[in-house]
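Trainee: Construct the entire structure; sequences and hints are all you get.
The listed protein sequences derive, respectively, from chains E and H.
Sequential numbering from 2 applies to the first sequence in our numbering.
Sequential numbering from 44 applies to the second sequence in our numbering.
Be aware that a few hints might be false.
Distance windows between CB atoms, simulated [what the hints assert, rightly or not]:
(1) E58(H) x T248(E): 20 to 28 Å
(2) D293(E) x I55(H): 51 to 59 Å
(3) E279(E) x D71(H): 49 to 57 Å
Everything labelled a hint here was simulated from the structure, so no lab data went into it.
All residues carry an ideal CB built from backbone N, CA and C; glycine is no exception.
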Amino acid sequence: MAAVASKCRVCKEPAVIDLPRHNANFCAEHFLELCRRQVVKAIEKFDMLSKDDRILVAVSGGKDSLAVWDLLIDLGYQADGLYIGLGIGEYSDVSGEYAKNFAAARGLHLITIDLRSEYGYDIPTAAKATRRVPCSACGTSKRHLFDKAALDGGYTVLVTGHNLDDEAAVLFGNTLRWDVEYLSRQLPVLPARNGFPKKVKPLVRLTEREMAAWCVVRGIDYLVDECPMAVGNKHLAYKAALNAIETESPGSKAAFYLNVLDNMAPLLSGRSLAAGEELGACTECGSPTTSDLCAFCRTAQKARAHDPVPVELVLSKGRRRR
Amino acid sequence: MKVLLRNPRREIDIEGKYSVNSLLAHLDLPRESHLVIRNGTLVPGDAALAPDDTVEIRPVISGGC
Ligand code: SF4
Ligand SMILES: [Zn+2]
Ligand SMILES: [Zn+2]
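Mentor: Have a look at this one:
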C-alpha cells in the first residue's frame, strides 16, 4: 500500500500528528509551535502570568503537569514545582520518581511534601476515614497544601495542568446539574483573595491528546498509568462522552468550554456565593474557612485517628459498591 | 505487528494491513483518547503500519484531578 502519509500544514514535511479539530496535520516542530501559541493566547486573554511572577507549578508526574511546567520554562517564565506524595501505593512512588527525574534533568527546583511522614496520613486512609470518594479527600488535601506552599514560599501564582478535556468534563458535570454556583466559578483564573493565592490554568486551550503528544515529541517521560483511585469516577465517564461527540464533530469540546468563558461567564459573574463570603481563620492551621476547622484539618484529623488503610482495600470496596 | 497496550500494560500480535486510524477502529479505541507511537515516533492517523512495526497505543485520558 503506497499510502501517501499526511504532510504538515505549515511546511509540508511529514506530519507526526493529525488534529481533526484544526482540520490539519503537523510536523513535530509546528505542532510544538501550535501548543506554545495556544498557551500564550490563554495567558494573555485571561491575564494569567507575567514574566516577573514567581510561579509554583503543581506537579503530579503525569503528562499535563510536566507539560505545563516545560511549556512555561520554554516560554521564558520562572517556575518551580511542587510534588505531593499522596501515599497511593505504587502509583505515588512511581509518579514521584517521574517528577524528580524531570526536574533534575532540567535543573529545575522541585519542592516535595509527603503526606504520610509530614501530616501523618495518606489518601486511601483519608478516603476510608471520611467515607468520601478518594478524589474528594485527595482534592481537599492537595488544594490546601498547594495554597499553603505557594503562600509560604512567596510565590505570586499557582499553576495547575488542567487541560481542555478536564475543564470540559467539569463543565459537563456542572451543566448536567445546572449548578449555577459551580458554573459561575469555573474560570481559568482565580484571583488571589485573603489567604488564597492566585491560581491559573494555562492549558485550557489544549486537549489531553495534545498534551500527551507534547510530552512524546519533547521526550518527556511521564507516568502513563492512571491513578488507581480514579477508576470508575464520573469525571472519566464525562470525558468519554465528550470524546464520543468530538470524534463525530471535531471542535465540539473546545466550543463547549471556550464559548462558556466568552458567552456565559459574563452573565454569571457575581453569582458566586463564595466571593462575598465572610471567612474566619481555622483554629488549627489559620487557613481561611467558614467553620472552626478548615476542610483540610477536618480530613487530616479523621484520617490520623484511623489505622492506615492500604490502597487495595479502598479499591476493592469501591468496586464492590458499583 | 506487535502492539503495546496500556492500563493494564500488555502486548498483542496483530495480523493484516492497517493504518493508524483503522487499527484504532479495529480495536474499538477512540482516536481522540489515544496516541499511536510507531517504532518510537509519533505518527498521524493516516500513517500505514507495516508487519515489522512495533506500535504503542497510548491512552491519554487521566481521571479525577
Ligand atoms: S485520581 Fe483522584 S485520588 Fe488519584 S491523584 Fe487524582 S484526585 Fe487524587
Ligand atoms: Zn511543519
Ligand atoms: Zn486548618
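Trainee: Just pull the numbers of the violated hints for me, sorted ascending.
Mentor: none
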